[in-house]
Each structure stands twice: as structure tokens, then as C-alpha cells.
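Asks: Residue numbering for the sequence shown follows my numbering, beginning at 2 and increasing consecutively.
The hints are simulated quantities; they were obtained by calculation from the structure and are not laboratory data. Quick caveat, the model's predicted, so the values are computed rather than measured. Worth double-checking, as some hints may not be accurate.
[Unchecked claim] Below, simulated EDC-like cross-link-like pairs (lysine to aspartate or glutamate); rule was C-alpha separation at most 20 Å, straight line:
1) K140 to E41
2) K140 to D243
3) K140 to E161
4) K140 to D82
5) K140 to D73
[What the hints assert, rightly or not] Just the calculated beta-carbon pair ranges, DEER-fashion:
6) S150 to E54: 30 to 36 Å
7) N130 to S109: 32 to 38 Å
8) S117 to P67: 27 to 33 Å
9) G28 to E89: 32 to 38 Å
10) A284 to G246: 18 to 24 Å
Even for Gly, the Cβ is constructed at its ideal location relative to N, Cα and C.
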Amino acid sequence: MRMSSDEPEGATQTLARPADRAADRFGGLLPSGVWVRGGETVVMALAIEHFSEGAAVPLLVLSEAPGVIGLDPDTAVEAWDDAGREYEVRTVSLETGLGAAQATIWLSPELPSDASDLRLRVTELMRTNPGRRGGGTAKPLSGGPWELSVPLLPERTATEPPDRPSGSAPIAEAPKAPARAASAFARLLPIGQARMRENAAVCLWGLEDYGERAVLTLAVLTTDLAETEPLEPGRGSVEVWDDAGSQYSVAPIAGGGDGRWSETSLEITPSPGGSPVIGVRVADLPGATRRDDDRSLDGPFTFGVALSESR
């Protein structure tokens, strides 16, 4: 995942290409407000994307420990359900940086309909303090293993979106500190909603609340007839407002993808976490379709979200 200039540069980057992570094989999105703190480190599951042959689960790791956070999902993440069925774990995307690591993992086979909970265990996380001449010594983070139990039958968050205010949203100011910090993390508010078009699905994962600001990540999935790119300043539009008529500044801070899917993390200022209902409108998505007359990626895609406490 490519980081913008206001976020710490990633130490490693890997991308796998599961062919089944596509809009025409997409089976729905589940909200997750599940996170756990162990030692100086927070691990959270942001949502679950269902597909016909598996599932994609975005994970976020934040740590107050100094150094670059290292995570290898292929070897350090275990997955099973409440009936004891185990799942193979593959890495779809991974970005590691100072104090944070974000990964999307692919689980196979598909999650069965009779499962009630998905269990995830992160067995090892590392940190590396870069030396003056490069390199550095990797040390394990204390507080693990980190275990999450994500409900597969959660309460829905969809509601009627509040009236969209007139006028322009406030302009995002240059951040004075990284948007994501373990010391400021307060809670994860579940969203887990998706909107579909002919060749695209737009997925809102969860809202990370950091007190003064929040981070919302959206994923865009396409079919073979379209391609998508992460949002960037000036490319793509996301508006956020609440049921009291307040509007929020929104700015992309990180993004990545492989053409048939993209992921973009957005800083929202101030945090809307204290509002019972928010509206989100996504439009003018970067990307293209194979037919000139098909504008299915443009949107708009509008969401109404009832925010509730995380678990």
C-alpha cells in the first residue's frame, strides 16, 4: 500500500493477486468493531469481505513501540471459526511503517453460512529501529499473541442517510502529526457497508476514532471490464456529514491496489465518532471501464451509517 507524504514511509511492500477478489464474485461486506490491545500494541480487524471462494479481511496494527512494525501474515496470522474449521491465510496487500502496519489477508475456503464467529490470532509482530547506515535489528513486540473474535452475524449499521448539507465542506489542513497513532487510538466504530454498480463495488470498512480526528478506509472492487485506482488529492471525491448538519474535511492519506481492487485510507477532521448518524458520499472514482459509454465507477455512492460502540 502506497503511503502519502504525511504518513511514515513503508519498510516493505508485497502484493498477491487472488483472482477471486473481484466485484462479480463479491458476496457482501460485514462490519467489524473488533480490536484488542496487548502491551503497547493494538490489533484490529476493520471488516470482512465475502467472496464466492474465500474472504478478505483488512487488519491494522498500531504500536507505541519505536521503530518500523513488521508483520508477515502468511506465517504470523492464524484463522479458524467457532466450529474449529481452519483457513489458509495469504497476503493480499501489506504496508509496514513507523508505528503501524496495515495488511489485507485472503482466507480460503469461503466462510460457511453456519459459522458464527471468525477467530484470528496474530502470533508475532516485530519492530526494527533503523540504523544510521540502514538495516537495523528486529525485535519481537511484547503483549502477544493478539486474538480477535469477529462476529459473522453482526448488527447492521445501514440507515437512511441524513440530509446532505448545502455548501462546501471545510478544506483539509496539512496534518501536524500522523493520522494514525496507537497513543491516540480510542475505538473502532463498525461500518461494513457496500454499494454496487454494474462493474464496481464500493466498500466502507470501519471508522478509526483518534479523538481529534478519524480514519475511514474504503475499498473499490471491479470486474474484468473495469479497473480502479486509489483516491488521491484532486482525484476522487468523498464527503462526510452528520445528522446535525455538520460537514467534515476529508483527505486521502494512503492507498494502493492492483487494478481490479484499490484501497484508500482517508483522514476525517474532526472525528465524527460522537455523532449517532453520518452520511458518506463517494463520487468521481479514479479508474476506467472498457466501454466509453459506461460510467459505473463515477457514482455517486451514498451511505447512511448508524455509529455504535466498538467491542
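Asks: Look at each hint and say if it fits the structure.
Replies: Evaluation of the provided hints:
With a C-alpha separation of about 14 Å, the suggested pairing of K140 with E41 holds against the 20 Å cut-off. The suggested pairing of K140 with D243 is violated, with an alpha-carbon distance near 43 Å, which exceeds 20 Å. For the proposed pair K140 and E161, the alpha carbon gap of about 48 Å is over 20 Å, so the pair is violated. A distance of roughly 30 Å separates the Cα atoms of K140 and D82; the hinted pair therefore is violated under the 20 Å criterion.
The straight-line distance between the Cα atoms of K140 and D73 is roughly 14 Å, inside the 20 Å bound, and the hint therefore holds. For S150 paired with E54, a C-beta distance near 24 Å fails the hint of 30 to 36 Å. Checking the proposed 32 to 38 Å range against N130 and S109 shows it holds: the Cβ atoms sit about 36 Å from each other. Roughly 39 Å separates the CB atoms of S117 and P67, a value that falls outside the hinted 27 to 33 Å.
Taking the beta carbon of each, G28 and E89 are about 18 Å apart, not inside 32 to 38 Å as hinted. For A284 paired with G246, a C-beta distance near 20 Å keeps the hint of 18 to 24 Å intact.
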